[in-house]
Amino acid sequence: MPGAESVPIGGFLKQSLIDYPGHISAVVFTCGCNFRCSYCHNARLIDINARAEEEGLNQQSVMDWIKANRHLLDAVVISGGEPCLHASLPAFIGQIKNMGLKVKLDSNGSNPAMLDQLIQARQLDYVAMDVKAPLNLMRYRQVVGNALSAPLFDKVLKSIGILMRKDVDYEFRTTMDKSLQMEDLLAIASAVSGRYFIQNRLEGGRQTGRLIAPSDVASLNKILDQEDVHISLR
Numbered sequence: 625m626p627g628a629e630s631v632p633i634g635g636f637l638k639q640s641l642i643d644y645p646g647h648i649s650a651v652v653f654t655c656g657c658n659f660r661c662s663y664c665h666n667a668r669l670i671d672i673n674a675r676a677e678e679e680g681l682n683q684q685s686v687m688d689w690i691k692a693n694r695h696l697l698d699a700v701v702i703s704g705g706e707p708c709l710h711a712s713l714p715a716f717i718g719q720i721k722n723m724g725l726k727v728k729l730d731s732n733g734s735n736p737a738m739l740d741q742l743i744q745a746r747q748l749d750y751v752a753m754d755v756k757a758p759l760n761l762m763r764y765r766q767v768v769g770n771a772l773s774a775p776l777f778d779k780v781l782k783s784i785g786i787l788m789r790k791d792v793d794y795e796f797r798t799t800m801d802k803s804l805q806m807e808d809l810l811a812i813a814s815a816v817s818g819r820y821f822i823q824n825r826l827e828g829g830r831q832t833g834r835l836i837a838p839s840d841v842a843s844l845n846k847i848l849d850q851e852d853v854h855i856s857l858r
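Quick note on numbering: the working numbering labels position 44 of the sequence shown as 668, and the sequence is numbered without any gaps.
None of these hints come from the bench; they were simulated from the model.
From the three backbone atoms N, C-alpha and C, an ideal C-beta is built for every residue, glycine too.
Incorrect hints may appear among the rest.
[Said to hold, decoys possible] BS3-like cross-link-like pairs, simulated, lysine-lysine; straight-line CA separation at most 30 angstroms:
1) Lys802 with Lys726
2) Lys691 with Lys782
3) Lys721 with Lys691
[Claimed, not checked] Restraint ranges, calculated between C-beta atoms of paired labels, are given here:
4) Glu677 with Ala811: 35 to 41 angstroms
5) Glu807 with Arg746: 36 to 42 angstroms
6) Asn770 with Asn824: 22 to 28 angstroms
7) Asp671 with Ala711: 16 to 22 angstroms
8) Glu678 with Leu848: 39 to 45 angstroms
9) Asn673 with Ser640: 33 to 39 angstroms
10) Asn722 with Gly818: 25 to 31 angstroms
11) Ser712 with Ala842: 14 to 20 angstroms
12) Ala811 with Arg660: 18 to 24 angstroms
13) Met806 with Gln639: 32 to 38 angstroms
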């Protein structure tokens, strides 16, 4: 795991109305990821040593901007990459919370220990966890890469269980990979609870691969017919 000095930051969006629905948020993109998803829209951030989008962009400069402009925000979204790879993440989030701002975390669920630590410390207000495929190792490898080990996959399952305790507001979401079919989405939805979003795959702003329509989502909800999970299209 990377050292605890600071969180490596590869990108910073100063204001967003969509990344944390219902909130005006800044978005911090951390460097480094342990998955290799074929559709990744932030592929340049996979490398922990990725160059920042702007010269001088780092944890301190981001924190300084947030502090100076916190009256324009009510939340900060921490995305990636995979933020939970970094031992310094709790301290980073703590600084944001001390400013009175909410924090949303985007995660692949591969570090349940840190996820649970942050939730129990009440450092997170919302968690969006990517569920890449039906919950078996071979299907997951089709999306995130064959290097995914069984112990790491077990950590993903543990993170799903942590969120389903409902100690924090959360959602699960799946981006449409070329390997996924309607029955796969139904299998995922049957295994989770709460909000479940399906996201069509985008490349260069254009939809590619299997396209899920609102009518497909309506059919999935009708087939599923469960009160504790609702599928939506994003």
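Handout entry: Satisfaction of the hinted span 39 to 45 angstroms by the C-beta atoms belonging to Glu678 and Leu848
Key = 44 angstroms, holds
Handout entry: Proposed proximity, Lys691 with Lys721 (alpha carbon, max 30 angstroms)
Key = 11 angstroms, holds
Practice task
Please test the hint of 36 to 42 angstroms on the beta carbon pair from Glu807 and Arg746.
Solution key: 38 angstroms, holds
Problem - Cβ separation of Ala811 and Arg660, checked against the hinted range 18 to 24 angstroms - result: Hint holds: Cβ distance 22 angstroms, inside 18 to 24 angstroms.
Problem - Satisfaction of the hinted span 14 to 20 angstroms by the C-beta atoms belonging to Ser712 and Ala842 - result: 43 angstroms, violated
Handout entry: Agreement of Lys802 and Lys726 with the hint, judged by alpha carbon distance not exceeding 30 angstroms
Key = 35 angstroms, violated
Exercise for the section: Confirm or reject the claim that Met806 and Gln639 have a C-beta distance inside 32 to 38 angstroms. Expected result: With a Cβ separation near 36 angstroms, Met806 and Gln639 satisfy 32 to 38 angstroms, so the hint holds.
Handout entry: Glu677 paired with Ala811, Cβ distance criterion 35 to 41 angstroms
Key = 37 angstroms, holds
Practice task
Given the hint that Lys691 pairs with Lys782, test it: the Cα-Cα distance must not exceed 30 angstroms.
Solution key: Violated. Lys691 to Lys782 sits at ~34 angstroms, over the 30 angstroms cutoff.
Handout entry: Cβ distance range 16 to 22 angstroms for Asp671 and Ala711, holds or violated
Key = Taking Cβ atoms as reference, Asp671 and Ala711 lie about 18 angstroms apart, which means the hint holds.
Exercise for the section: With 22 to 28 angstroms as the target window, see if Asn770 and Asn824 comply at their CB atoms. Expected result: 25 angstroms, holds
Exercise for the section: May I ask you to test the hint 25 to 31 angstroms on the CB atoms belonging to Asn722 and Gly818? Expected result: Cβ of Asn722 to Cβ of Gly818: about 28 angstroms, so the range 25 to 31 angstroms holds.
The structure does not agree with the numbered hints 1, 2, 9 and 11 stated previously, though it agrees with the rest.
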